[in-house]
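Starting from the known structure of chain A, arrange chain B on it as the hints suggest.
Read top to bottom, the protein sequences are chains A and B.
By the working numbering, the letter at position 130 of the first sequence is numbered 130, and the numbering carries on one by one without gaps.
By the working numbering, the letter at position 1 of the second sequence is numbered 1, and the numbering carries on one by one without gaps.
Keep in mind the hints are simulated off the structure, nothing from the lab.
Keep in mind that a hint or two might mislead.
[As the list claims (entries may be wrong)] Partial selection, computed: residues in chain A whose CB lies under 10 Å from chain B:
| id | residue |
| --- | --- |
| 1 | Asn48 |
| 2 | Arg52 |
| 3 | Glu55 |
| 4 | Arg107 |
| 5 | Tyr187 |
| 6 | Tyr188 |
| 7 | Arg194 |
| 8 | Gly196 |
| 9 | Val204 |
| 10 | Arg210 |
Even glycine gets a Cβ: it sits at the ideal position worked out from N, Cα and C.
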Amino acid sequence: MAGPARSRASLTDPQFALIIVSGVIIFHFIIIIIPLGYSFWLSLHETNVILRSTEYVGFDKWGEVLTSKQTINGTLLSLYFAGIAVVLSFLLSLGIALVLNQDFPGRGFLRAMILLPWAVSEVVTATMWTIILEPNWGVLNGIFPGTLWISQDWAMFWVAFAFVWHMAPLGAFFFLAALQTIPKHLYYSARIDRAGMFARFQYVTLPHIRYAVLIVLVVVTVEAFRQFDLVFAMTGGGPGTVTQILPLLIFRYNFQFSEYGLAAAASYILIIIATMLAVAYFVALTQKKTKARAVTESPGAVRVRT
Amino acid sequence: MATVTLENITKKFDDTVAVDDVSLSISDGEFVVLLGPSGCGKTTTLNMIAGLETPTSGNISIAGRRVERVPPDQRDIAMVFQSIALYPHMTAHQNIAFPLKMAKVEKNEINRRVKDTAELLRVSDLLERKPHELSGGQRQRVALGRAVVRDPAVFLFDEPLSSLDAKLRVDMRVEIKKLHERLGATFIYVTHDQVEAMTMSTRIAVMDQAHILQLGPPEEIYGLPKSTMVAGFVGTPGMNFVPGCIDSVNGVKTFKSAGFEIALPEGMVDSTIDTITLGIRPESVLVGEIGEDHAKINGNVFETEPVGSDLFLDINFEKFSTDQIAETSRLFKVRTLPDMRVKAGDKVMLSLPHKKIYFFDATGQRVYPR
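Chain A extracted, bound-state conformation:
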């Protein structure tokens, strides 16, 4: 009995930590790193499904993707989709969080309710918004007949809106958590210091939630760029190709045209854009950490370094 107990006790903290995280690392390797490497390999090869042959073509597929009208259009649509999604869901999340941070009866219930849209799956969200927006028998058309809600021009907006509806609660929760860490006395102090509502938001609220802002922006942006289910279920990329964002196009390359190389190269473009934006957010929102200066513990006291 003493044997195993002793060996467990003899583990150092870093060793123990390594054992705990090793599962995740292995799992991560299998589901992310290997596929990533494999798709990179794919992007360098021409695959012929019928002949079951692969041929090394270098960066030809990358060149094709970067110059193809379809991918450029898909990328622009992705940026457009993500743009609407990020701006609207950011504002909506912050608005919801600011309201839920106030004291009012029924707040607890509302806090629980507000998370529901996020708990609903993306396909269900898509189905629900389709039922609302359908031009012939949709709910919105029943209320305002004669308006083509999901027309060519507005299709992308509504798809993005459905995504916002689905994502905003998550952001609201991040913001709410951050808002609740702000000491009440700072607002008291700011009020006495003649700071109005907007100044209090600017000087007290915003600096305290900047990391939540960062997380929300990164999560929503990445989610928007890799969004497939909702758009696919809602419009399938249509009408025409007005909602054919990059992930949908990749899906088509891969499963409709069996162009694995193109699909893989386009996927890389998607990853690069999303990563670049995430890095840009980090750079913009994280302050450069100034070297902490030595602080004397009490006035007049000098800390002697021995």
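Then chain B, alone, in the frame of chain A:
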């Protein structure tokens, strides 16, 4: 510079009465301390003066102007909080400048005033630091600076020193007192620390359970406490209270308690009373037999507590039953000189100066001295 007047102020939170019909008139340039245990309503009272809470009923005037419905920024007040409440992402300079910036003061003027204030509070070298790079005392001085820079008519303090360590508290006490003398503004200061109240204030308002129990200069609060609550709260350790009765023994009025009996001088108490509490401060009791005008009692030293500058004796009385001795809250505290050679178990004679004896009735109100 301004007077502050509270008339019949009441504040209710749902069913709880936080402040109940409080009236208080503070003259221009006074340093008034609201003293009381936590939950007594002192902070709520201060918040109402600041405008952070609205009274349920009653009037508040600052400099003769009614302000119950005036927002905090228009009351010409500044406030320093227990939590210090510096804006964490701003430097000390930006923190001090903030109220001026909000008031749209011209930039050169802001810099000049921040510089003057920083010199006054000895934080000139720290202006480029952020709050997390400052020590507790430095932070509190910057917070003071943020209040001083506005040159307000009234300064409000909500336990500003309770988050500091003991030594720093003593230093800051002096600084705040000096600041008051220099600025001549009206200071209203909330604390639960009776030493802060005694050392800094011109008047103390002792609060408990939503009421002001007594309002007066520190000497009066200490010397003539209106009730057992005030007497017990002011002074360290608090006053000794001995429950008992007044009886007539051979025509002499005598105080009888479970621990001791003392004959009272003529004129102190006129009639026999069933329930009364004798009070005497630990520092008033003398060890040994002292001449006239002193009541003498015998006691046993239960324990000694040397604190360096003083020696405190915990006394119990022979007449107590074993149960009563075990109950330490019944111990009678005596302050004496540190070099007194006494140890636990010794018998001592104590002299209680007649002049220093208080009596409180069954409701805790002082009946002697009248």
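Verification of the supplied hints:
Interface restraint check for Asn48 of chain A: the shortest CB-CB distance to chain B comes to about 59 Å, outside 10 Å, so the restraint is violated. Annotation: Arg52 of chain A was flagged as interfacial toward chain B, and the flag is violated, the nearest CB pair being 61 Å apart, outside 10 Å. Interface restraint check for Glu55 of chain A: the shortest CB-CB distance to chain B comes to about 57 Å, outside 10 Å, so the restraint is violated. Checking Arg107 of chain A against chain B: minimum C-beta separation of about 16 Å lies over 10 Å; hint violated.
For Tyr187 of chain A, the shortest C-beta to C-beta distance to chain B is roughly 9 Å, which falls under 10 Å, so the interface hint holds. The criterion of a C-beta within 10 Å of any C-beta in chain B is met by Tyr188 of chain A, whose closest approach is roughly 5 Å, and the hint holds. Taken as an interface hint, Arg194 of chain A checks out: its beta carbon lies about 4 Å from the nearest beta carbon of chain B, inside 10 Å. A distance limit of 10 Å between C-beta atoms decides the matter here; for Gly196 of chain A the minimum to chain B is near 8 Å, and the interface restraint holds.
Taking 10 Å as the C-beta contact cut-off toward chain B, the hint placing Val204 of chain A at the interface holds, the least distance being around 7 Å. A least Cβ separation of about 9 Å between Arg210 of chain A and chain B falls short of the 10 Å threshold, and the interface hint therefore holds.
Of the hints listed earlier, those the structure fails to meet are numbers 1, 2, 3 and 4, in rising order.
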